[in-house]
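Trainee: Now for the letters of each chain:
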Amino acid sequence: AQSVTQLGSHVSVSEGALVLLRCNYSSSVPPYLFWYVQYPNQGLQLLLKYTSAATLVKGINGFEAEFKKSETSFHLTKPSAHMSDAAEYFCAVSEMDTGNQFYFGTGTSLTVIP
Amino acid sequence: DSGVTQTPKHLITATGQRVTLRCSPRSGDLSVYWYQQSLDQGLQFLIQYYNGEERAKGNILERFSAQQFPDLHSELNLSSLELGDSALYFCASSGRQLRNTGELFFGEGSRLTVL
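First to last, the sequence lines map onto chains A and B. Residue 1260 is where the first sequence starts when you use my numbering, and the numbers rise one by one after that. Residue 73 is where the second sequence starts when you use my numbering, and the numbers rise one by one after that.
Treat the hints as calculated values from the structure; they're not laboratory data. Idealized CB from N, CA, C, for every residue including glycine. You may find that some hints are simply not true.
[What the hints assert, rightly or not] Pairwise CB distance ranges (calculated):
1. B:133 x A:1331: 30 to 36 angstroms
2. A:1328 x B:110: 40 to 46 angstroms
3. A:1304 x B:143: 24 to 30 angstroms
4. B:139 x A:1328: 48 to 54 angstroms
So that you can see chain A by itself, here it is in the shape it has in the complex:
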């Protein structure tokens, strides 16, 4: 069975600082991994996804994530935080063999301090 663990339900960074949001997964087969962002009063939007191509995945708004099979991790990073990055971030895993069921982490709320 798949599961996703997001370490740190709240992360605060200064504007211009590195953003690092952690995600670890468990999966019995090669997974598909996703990061979603949710701005206040909105639905979830896809930031980026890993589907067994390049292990370093670039997404929108300057975010990227690296798939590390040995560490079962898919951490999200951005070199320089912007005020507009303040939002809730969700990591998700899906396995094609299970008919596309998606499992979400509990989310990480990112605060950007001016």
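The hints should help you fit chain B onto chain A, whose structure is shown.
Mentor: Just chain B now, kept in the frame of chain A:
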């Protein structure tokens, strides 16, 4: 705009009542998912439909039911409502095939408040 439409956006009702939430998936998407998001439970998977058939069930209460119609829109029915059912309910769609590497496309949610 994700292409997924949910109605109503906001709903206020009383305990014991029944409500229906509606979702129209992206054009051509065959899978519809329902999620509940509350402050204390996070994003909880409720149920998934594919082309009219139930595919997977998550933490869906017996008081809740859903269906997907031939035109692929879906409805989530919540009955005997309790205060704890107050939450944001999301619909998402994906995939023109059951198995694919595509992502979920989320609607903007229906915010249910039970008083």
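Trainee: Next, verify each hint and record whether it holds.
Mentor: Right, here's what the structure says about each hint:
no., hint, result
1, B:133 x A:1331: 30 to 36 angstroms, "holds, 32 angstroms"
2, A:1328 x B:110: 40 to 46 angstroms, "violated, 33 angstroms"
3, A:1304 x B:143: 24 to 30 angstroms, "holds, 26 angstroms"
4, B:139 x A:1328: 48 to 54 angstroms, "violated, 39 angstroms"
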